[in-house]
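Engineer: Each residue of the sequence shown is one higher than the one before, counting from 164 in the numbering used here.
Treat the hints as calculated values from the structure; they're not laboratory data. Mixed in with the good hints there might be a few duds.
Derived CB-CB ranges, DEER-like [to be verified]:
1) V235 / Q285: 12 to 22 Å
2) R290 / R345: 21 to 31 Å
3) D415 / R345: 42 to 52 Å
4) A421 / A331: 46 to 56 Å
Below, in silico cross-link-like pairs of lysine-lysine (DSSO-like), each with a Cα-Cα straight-line distance of 30 Å or less [said to hold, decoys possible]:
5) K678 / K688
6) K543 / K620
7) K569 / K688
8) K569 / K694
9) K306 / K620
10) K423 / K694
11) K423 / K620
12) K255 / K389
13) K688 / K620
14) K279 / K255
15) K569 / K423
16) K620 / K569
17) K389 / K423
18) K255 / K423
Since this is a predicted model, take the numbers as computed values, not measurements. Ideal Cβ positions, reconstructed from N, Cα and C, are used throughout, including at glycine.
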Amino acid sequence: MLAACPCSRPPGLWSIAALLMKNTTLCLVLCLFAAEALAQEPRELDSSITEVTVYPSSARVLRRARVDGDGVYLLRGLPGELEPDSVRVRLKGGFVAGVEVQRRVVDQSPLERIEKLRATRQRLARRLEEGYGSMTVLEQRGKHLDVLLASTARAQRLALAEGRVEIAAWQARQRFIADSMRTNRRLRRDLQWTQEDLEAERIALDLDLEGHIGRTAVPIHDVLVKVAGSARAQDLEVAYIVGRAGWRPLYDIRCDAAGKRVTLVYRGEISQVSGEDWQGVRLLLSSAQPERSARGPDLLQLWASLFDPRRATGADGSSIRASLEVALESEPALSSLGYSGGADDGYSQVLEEGLSVRFVVPGTDSVESGGSSTTVEVGKQELAVRTEYFCVPRQDTTVWLRGHAKNEGRWPILAGSASVFFGEDYLGQAELGEIAVGQRFSMPLGAADGITCERIKTADFLEGASFFSGTATETEAWRLTFANQGSAIHSGDGSVRVVVREALPRPTDDGVEVKLTGLSHAPSKAERWRKDAEEFSFQTWELQVPLHGETELRFAITVEHPESQPVSYREGGTQ
164 MLAACPCSRP PGLWSIAALL MKNTTLCLVL CLFAAEALAQ EPRELDSSIT EVTVYPSSAR
224 VLRRARVDGD GVYLLRGLPG ELEPDSVRVR LKGGFVAGVE VQRRVVDQSP LERIEKLRAT
284 RQRLARRLEE GYGSMTVLEQ RGKHLDVLLA STARAQRLAL AEGRVEIAAW QARQRFIADS
344 MRTNRRLRRD LQWTQEDLEA ERIALDLDLE GHIGRTAVPI HDVLVKVAGS ARAQDLEVAY
404 IVGRAGWRPL YDIRCDAAGK RVTLVYRGEI SQVSGEDWQG VRLLLSSAQP ERSARGPDLL
464 QLWASLFDPR RATGADGSSI RASLEVALES EPALSSLGYS GGADDGYSQV LEEGLSVRFV
524 VPGTDSVESG GSSTTVEVGK QELAVRTEYF CVPRQDTTVW LRGHAKNEGR WPILAGSASV
584 FFGEDYLGQA ELGEIAVGQR FSMPLGAADG ITCERIKTAD FLEGASFFSG TATETEAWRL
644 TFANQGSAIH SGDGSVRVVV REALPRPTDD GVEVKLTGLS HAPSKAERWR KDAEEFSFQT
704 WELQVPLHGE TELRFAITVE HPESQPVSYR EGGTQ
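Please work from the sequences and hints to get the whole structure.
Structural biologist: Now the structure itself:
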């Protein structure tokens with residue numbers, strides 16, 4: 164019998180043998196590669212923060228480190244506020260083969276640090292208490308000076324009416340009152356700034372204490388990076404988002420003494436308790452909000468059914484009726500508001516990026532974690548302004564000054580707080596809304612010195628219905644007296660124009676009729692006031708008040724209604 168030739172073996176057996184040999188070789192290669200990778204210890208990197216983009220309630224931190232080619236590298240001790248999903252690593256030459264974020268905890272801060280923070284906070288609390296006491300005294304003194312100014316104005320009017328003219332004495336008293344008011348405002352301004360700085364320090368200390376007390380451990384993060392395809396030393400960039408950080412816009416509105424131009428100084432107040440200090444970094448202030456979802460909500464189907472009492476409660480008797488409320492926050496893109504690049508307006512750089520804008524802070528700056536907030540100046544622009552005096556006597560008889568301007572810069576004005584100055588005098592705080600490029604807006608410039616308003620009710624009576632009409636009539640008559648003792652902004656002859664606004668009752672029922680009668684001056688017919696008159700029943704007068712003189716506005720409001728149905732009044736709200 165002939166021996167079987169190997170070539171005659173079934174081909175399936177040769178294929179199986181060859182596959183086993185190949186798989187064995189592959190397994191050996193993979194095991195060797197894995198062993199080499201496991202044996203390779205990560206090399207710890209020294210990294211430094213070079214740039215921070217601060218958002219309203221978070222921040223993007225950019226670190227740089229030097230790597231020496233392929234290998235596994237470790238960035239140790241990144242802050243606990245780091246969001247692991249936000250970590251991004253970039254390498255220009257070569258590629259990043261893997262990134263792993265590891266969380267661990269370390270022992271809490273020593274008690275000595277906590278006691279030191281508590282002692283510092285106690286000292287701050289005492290200084291704040293002393294400051295608020297001094298502020299109360301200054302405010303009472305300011306009110307006394309306001310009363311003194313008003314009484315002096317009344318005395319001057321009485322003396323003029325009686326033919327007694329004491330110009331030198333009047334001028335001396337006015338100078339004394341004006342100097343005293345300026346000194347009082349300067350002292351209050353300086354004290355307010357000091358109190359604001361102390362409050363910021365106290366808040367930072369509270370946050371620092373909060374981070375130390377009641378915690379058994381402090382979380383931190385390590386980032387493990389695998390670099391491949393890099394045969395030379397080069398820079399590695401690691402970016403991540405941290406919470407408990409943010410910024411808010413602050414403004415200085417400085418109007419010149421002539422009331423013709425306003426300097427708008429734009430600042431950003433930055434604070435952070437992220438767990439790491441930002442020392443000598445490039446700062447960018449962004450209006451973006453990465454902590455919000457990138458996707459808006461979907462519209463839910465809404466059903467309407469006839470009420471069935473059998474389905475009004477659940478099996479256990481609890482109510483299953485629910486109210487549906489959908490609240491959407493609209494945040495229009497700045498580009499749709501008219502933002503566009505333009506000529507240099509005193510800002511180092513303004514970057515438009517679709518739905519947000521970033522302000523690049525000139526140079527470098529430092530922001531300590533848990534320390535006082537840091538305020539940086541972003542830039543400023545000069546605005547032409549048109550000023551006017553206005554008064555709303557129904558709410559407040561103070562005569563105020565405001566300016567109208569147009570945002571002619573190349574950047575939008577974000578909503579924020581503003582410190583208002585007129586000349587060298589600090590007038591107080593005001594709020595600015597978001598103002599697009601090219602948009603006109605109003606800015607408060609404080610109370611007007613030397614212009615007073617007196618509001619007196621001259622009549623208040625109710626007429627009963629006649630035998631035939633059945634209609635009752637309520638009447639209120641008012642006299643407003645505006646006096647001009649000399650103001651900073653005026654026309655050539657020293658007179659001033661005051662915009663006076665009054666709210667008439669707006670009927671919600673057909674049986675009520677409101678009339679404006681007994682007018683000494685007709686309301687303004689200017690287009691700017693027409694909408695308010697039609698929609699809100701706001702009446703507006705533009706009165707000219709002569710220097711060292713008075714102008715009176717007299718009017719009566721008559722409300723007719725059925726005698727059997729009295730009228731009730733409420734302010735604000737809708738019908």
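Engineer: Hint by hint, say whether it matches the structure.
Structural biologist: Now for the hints, and whether the structure bears them out:
1. V235 / Q285: 12 to 22 Å: 49 Å, violated
2. R290 / R345: 21 to 31 Å: 26 Å, holds
3. D415 / R345: 42 to 52 Å: 19 Å, violated
4. A421 / A331: 46 to 56 Å: For A331 against A421, whose Cβ atoms are near 28 Å apart, the range 46 to 56 Å is violated.
5. K678 / K688: 17 Å, holds
6. K543 / K620: 47 Å, violated
7. K569 / K688: 24 Å, holds
8. K569 / K694: Since the Cα atoms of K569 and K694 sit roughly 21 Å apart, the hinted pair holds (cutoff 30 Å).
9. K306 / K620: 24 Å, holds
10. K423 / K694: OK: K423 and K694 at ~28 Å, within 30 Å.
11. K423 / K620: 37 Å, violated
12. K255 / K389: Since the Cα atoms of K255 and K389 sit roughly 14 Å apart, the hinted pair holds (cutoff 30 Å).
13. K688 / K620: 26 Å, holds
14. K279 / K255: 46 Å, violated
15. K569 / K423: OK: K569 and K423 at ~13 Å, within 30 Å.
16. K620 / K569: It is violated: about 39 Å lies between the C-alpha atoms, which goes past 30 Å.
17. K389 / K423: Given pair K389, K423 is violated - Cα atoms ~62 Å apart, limit 30 Å.
18. K255 / K423: 54 Å, violated
In summary, the numbered hints that this structure violates are 1, 3, 4, 6, 11, 14, 16, 17 and 18.
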